[in-house]
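Participant: For reference, the chains in residue letters:
Number of protein chains: 2
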Amino acid sequence: MEFYPQSLVSLIKHLSKLPGIGEKTAARLALHILRSSDEDAKALSRNILEVKEKIRFCSKCFGLCETDPCKICLNMSRDHTMLCVVEQPNDLVALEKSGAFKGLYHVLHGALSPMSGIGPDALRIRELIERIKTDEIKEVALATNTNVEGEATASYLAQVLKGYPVRITRIATGVPVGGDLKYLDEITLRRAMERRESI
Amino acid sequence: MEFYPQSLVSLIKHLSKLPGIGEKTAARLALHILRSSDEDAKALSRNILEVKEKIRFCSKCFGLCETDPCKICLNMSRDHTMLCVVEQPNDLVALEKSGAFKGLYHVLHGALSPMSGIGPDALRIRELIERIKTDEIKEVALATNTNVEGEATASYLAQVLKGYPVRITRIATGVPVGGDLKYLDEITLRRAMERRESI
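One line per chain: the protein sequences are A and B, in this order. Counting in my numbering, the first sequence runs from 41 upward without gaps. Counting in my numbering, the second sequence runs from 41 upward without gaps.
Honestly, I wouldn't trust all of these hints.
The list treats identical chains as one, so a pair stands whether inside a single copy or across any two.
[To be verified] Keeping only pairs whose Cα atoms sit at most 25 angstroms apart, straight-line, the calculated DSS-like set for lysine-lysine is:
| no. | residue 1 | residue 2 |
| --- | --- | --- |
| 1 | Lys57 | Lys82 |
| 2 | Lys222 | Lys82 |
| 3 | Lys202 | Lys94 |
| 4 | Lys57 | Lys178 |
| 5 | Lys111 | Lys92 |
| 6 | Lys94 | Lys82 |
| 7 | Lys64 | Lys142 |
| 8 | Lys64 | Lys53 |
| 9 | Lys94 | Lys222 |
| 10 | Lys137 | Lys57 |
Derived by calculation from the structure, the hints in this document are not laboratory data.
Taking the hints into account, I'd like the entire structure generated from these sequences.
Facilitator: And the structure:
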């Protein structure tokens, strides 16, 4: 890397801080940026600053937005009695893309992970309880990931929310549509079999 | 993607123009940038502009530099009678890292590829001949890649340079050091066997 000019070394160093980008990939990206048009490079540079300047967390659901509250929270055609709890903004986006949910969201910004020192206070759980207390919520659908941390978070939330007059649900686990049984792990298969349904 | 705020969508769009970065990776990178510190984001943004502003091609070897001629061309402790011809600036860097070459370089900025419409005029071949004519070059080591385009370029250059009083060499092909024979292609193995040496 030290054989590149100083400014290129600096760009490579910063690009390799991005997740999944090693030094070699960073060098490839940096050389691409160097070769790209002035407009493209300027747009990329400006967009990085804009994202940091403009994007806020919605004060209601903690999803990403440029105007607070976010468009989803303001959308009166959505079901304001349903909350879907997700770990991260991209989980929200994945669900929105699927079109499966027409209620409101609540983004925790993480999952419980005692190993990494992430306890309930590090997540937006207090705010979730506040929403359930003050808004007219009828159902809370827990859509945290189905890995260890996500399951632990869902169990914890189910426990914490037990005292409130809301229906608490969890997204179903099973074989993904289009999935190939031979590539699936045993736990998923076992659960899918246990929860088999009459057709 | 349309479910993210506008400025984030724009950043994702620009990041996915980078080589090997699909839309999902771009979204992951964009969210990382959003979560990173203000300093990191600003430094990345500034570095992108700086690279475009500061980095030039050396007017002698066409390698990357911030001051023209580049440090390698100015380094009088290097052998100025030897030229190593490479396709791209990162090939030059790879050779520099290896420490195997102490002469000067000439970067073609590509390889001959009739399929992609890249002919001799698109490369820095005219400038290479000019250097051979005016500078005191004794050897030209052709270190273009060993794929079809690189080999074609090396053959073409060997042909074109035949009339000049320089020794023309080509980097050796064979089994990479630390290589595992069973993973190597047949052509490499055949060549390595043909060029076997007494020990």
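Participant: Check Lys57 against Lys178 for me: Cα-Cα at most 25 angstroms, and say if that holds within a copy, between copies, both or neither.
Facilitator: Classified as neither: same-chain Cα gap 43 angstroms, cross-chain 44 angstroms, threshold 25 angstroms.
Participant: Is the C-alpha distance from Lys222 to Lys82 at most 25 angstroms within one copy, between copies, in both cases, or in neither?
Facilitator: neither (47 angstroms within a copy, 47 angstroms between copies)
Participant: Have a look at Lys202 and Lys94 and pick one of within, between, both or neither, based on CA distance no larger than 25 angstroms.
Facilitator: neither (37 angstroms within a copy, 61 angstroms between copies)
Participant: With identical chains, the pair Lys137 and Lys57 could be close in the same copy or across copies; at 25 angstroms between alpha carbons, which is it: within, between, both, or neither?
Facilitator: between (29 angstroms within a copy, 22 angstroms between copies)
Participant: Between Lys111 and Lys92, at a C-alpha cutoff of 25 angstroms, which is it: within one copy, between copies, both, or neither?
Facilitator: within (19 angstroms within a copy, 37 angstroms between copies)
Participant: Which holds for Lys94 with Lys222 at a C-alpha limit of 25 angstroms: within a copy, between copies, both or neither?
Facilitator: neither (46 angstroms within a copy, 54 angstroms between copies)
Participant: Evaluate Lys94 and Lys82 at a C-alpha cut-off of 25 angstroms and name the case that applies: within, between, both or neither.
Facilitator: For Lys94 and Lys82, the Cα distance is within 25 angstroms both inside one copy (18 angstroms) and across copies (14 angstroms).
Participant: One pair to classify: Lys64 and Lys142, alpha carbons no more than 25 angstroms apart. Within, between, both, or neither?
Facilitator: Classified as between: cross-chain Cα gap 23 angstroms, same-chain 43 angstroms, threshold 25 angstroms.
Participant: Have a look at Lys64 and Lys53 and pick one of within, between, both or neither, based on CA distance no larger than 25 angstroms.
Facilitator: both (11 angstroms within a copy, 22 angstroms between copies)
Participant: Evaluate Lys57 and Lys82 at a C-alpha cut-off of 25 angstroms and name the case that applies: within, between, both or neither.
Facilitator: Answer is both: 20 angstroms inside a copy and 13 angstroms across each meet the 25 angstroms cutoff.
Comparing the model with each numbered hint stated earlier shows that hints 2, 3, 4, 9 do not hold.
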